[in-house]
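Chains A and B, in that order, give the protein sequences.
Residues 10 to 350 (the working numbering) make up the first sequence, in order.
Residues 10 to 350 (the working numbering) make up the second sequence, in order.
Calculated directly from the structure, the hints in this document are not laboratory data.
Don't take each hint at face value.
When chains are identical, the list treats them as one kind, so a pair holds in a single copy or across two.
Said to hold, decoys possible - When the alpha-carbon atoms are kept at most 35 Å apart in a straight line, the in silico DSBU-like pairs for lysine-lysine are as follows:
#, residue 1, residue 2
1, Lys188, Lys313
2, Lys215, Lys180
3, Lys175, Lys188
4, Lys188, Lys231
Read off the chains here:
Number of protein chains: 2
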Amino acid sequence: MKYLKIFLLLAAGAAILTAEESLAQKASKQRLEPIPADIQVLFSYINDENDPITDEKIALGKKLYFDPRLSKSGIISCNTCHNLALGGVDGVETSIGHLWTMNPNHLNAPTVYNSVFNKVQLWDGRSSHLEVQAQSPIQSEAEMAASSELVVARITSIPEYVEEFKKAYGKDVNITFEKIASVIGVFERTLVTPSPYDDFLNGNEKTLSKAQKEGFEVFLQKGCTKCHYGIALGGTMQQFQVAAKYRFIELGDFRGDKYGMVKTPTLRNIAETAPYFHNGQIWSLKDAIREMGSVQLGIKISDKEAVKMIEFMHSLTGRKQPITYPILPPSTSKTPKPDMN
Amino acid sequence: MKYLKIFLLLAAGAAILTAEESLAQKASKQRLEPIPADIQVLFSYINDENDPITDEKIALGKKLYFDPRLSKSGIISCNTCHNLALGGVDGVETSIGHLWTMNPNHLNAPTVYNSVFNKVQLWDGRSSHLEVQAQSPIQSEAEMAASSELVVARITSIPEYVEEFKKAYGKDVNITFEKIASVIGVFERTLVTPSPYDDFLNGNEKTLSKAQKEGFEVFLQKGCTKCHYGIALGGTMQQFQVAAKYRFIELGDFRGDKYGMVKTPTLRNIAETAPYFHNGQIWSLKDAIREMGSVQLGIKISDKEAVKMIEFMHSLTGRKQPITYPILPPSTSKTPKPDMN
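Bound-form chain A, shown alone:
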């Protein structure tokens, strides 16, 4: 009797799957993948054997992520431009850094949420690992403007930080700049936001509304997944301006990597991360969708179709795990002072 019940339950489950098979199967064929629902499987995706995730590293990496003393001035943290309260971005066209410097390439800050699923990091894809990416904005003159030596001197001057590095990496740890960036990367790996879209692809058909399913169909049908695929719905290098010229291309010097390739931004939490595109010139999701249709796919996407896709894109807004705002250890007399110049 027990086994019969289980059999019937499984059969019912299969029936549900069959009913949605076409949409989910289409998605799968177009290389879309959900964030794994199984925590062990998810862990195997986000973990990096070069610097495996542990509770101690997450706690330390979180502190460093929020610590403005990683910048020359002492007032800009990773979270300033990749604000976990605001979808992992700063919500401005071009990020502002040290001395109120606008990013010289007029680049818009990509979201840190789910960045672990990107195959490459940074708009020109020059970092493949979050652990390496984190070094870049800290040192960039237009961002946090700190030398690696300054960062190491600041962190090692604070006994609580030294203690936490020992806890995380063993008592003989050598606290290098690379190590500091790496543990920030470990924290960033945990910033994944499963959404109704994932629940749907993981078999729960009820998580998408009728309108969202319609929008999903349009999204698949238009060919958006040529670039926006994988768990990240983006995060790989793609040719930009395949079919037409992007209307704001002249703004900023950014032209992609040496092959003119650009990292496709993730679509996860896209409804929270305006403005859009590498130079943040498009504020509305509708405009962004239509512009992409024209620039990348060479098609006209109607207003109505764009509205449907926006419905779908709202299903990509994910659940953020609660983050306790850290209490950072105080500086000491040995800590290099903030430098505002």
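Based on the hints, put chain B in the right spot on chain A.
Using the frame of chain A, we list chain B on its own:
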């Protein structure tokens, strides 16, 4: 038998109190008061009947406190300069605001923690309420540089915020700039940090080490409580440079209020809130203590005495309640854009 036991316990308690009576009594005579241990009594201290504390207001005020969209640029929040991760301050000599502008008076950001216990707010004491104080940095050109109209337009363009204001103040709420600042003030009222010092004054003699008690004796004996008294150990207007000239007085234009009076900073969490004084020119607690002795009290405080007082001051480092970093509602097409100029 039961009553005898209780009697003996009470007697033992009284004995402990008697042993420490002299120090605690001296403190009380010098107008020092602990943060009340009783939560009801504490609530009556921090609550303001003009805008009573509720859970809904704390939640909303917290979001606004962390929301950089309250600034003209969209990248500076209350928390930028009053960072809850860093003792409620920014850890720099002079706060940096819009366009990387240094505070024109070279003023150092005071801690927001326990600011509810200050009798007045701002260095010149021109605000008596946190609810009014919060208006000032938002509008200041050198700080967040937002007009009241801009702030109201940003907040009312975001439906989730409007909903939260209705929940907090009723469905007919008029979301004015004053209301926005006021609910931030309500959140700030809750940022109190009871410390070992309070536990000691509340009757638990074991919370202070021998060295801290010695330092406390020196602190009382030197007359620091002439200005640093009350729950805040500060927070009232006092004459500055009573006995001598402050050696960095020429830096910045600040000369106090129209009577030359200056708000005494709280000593709570002082070990976490360097640099010190209104223009942030003194980085070490020892220097600060000795300078105060000379400038305010006209006495020489020895190195040894200062070290003892530092021991005591560490007992003023309080327990911060865990704060979940908020997830802020996204902007809409109606939200006024960031303005970097």
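Hints, one by one, checked against the model:
no.	hint	result
1	Lys188 with Lys313	neither (49 Å within a copy, 39 Å between copies)
2	Lys215 with Lys180	between (50 Å within a copy, 33 Å between copies)
3	Lys175 with Lys188	within (12 Å within a copy, 47 Å between copies)
4	Lys188 with Lys231	neither (43 Å within a copy, 47 Å between copies)
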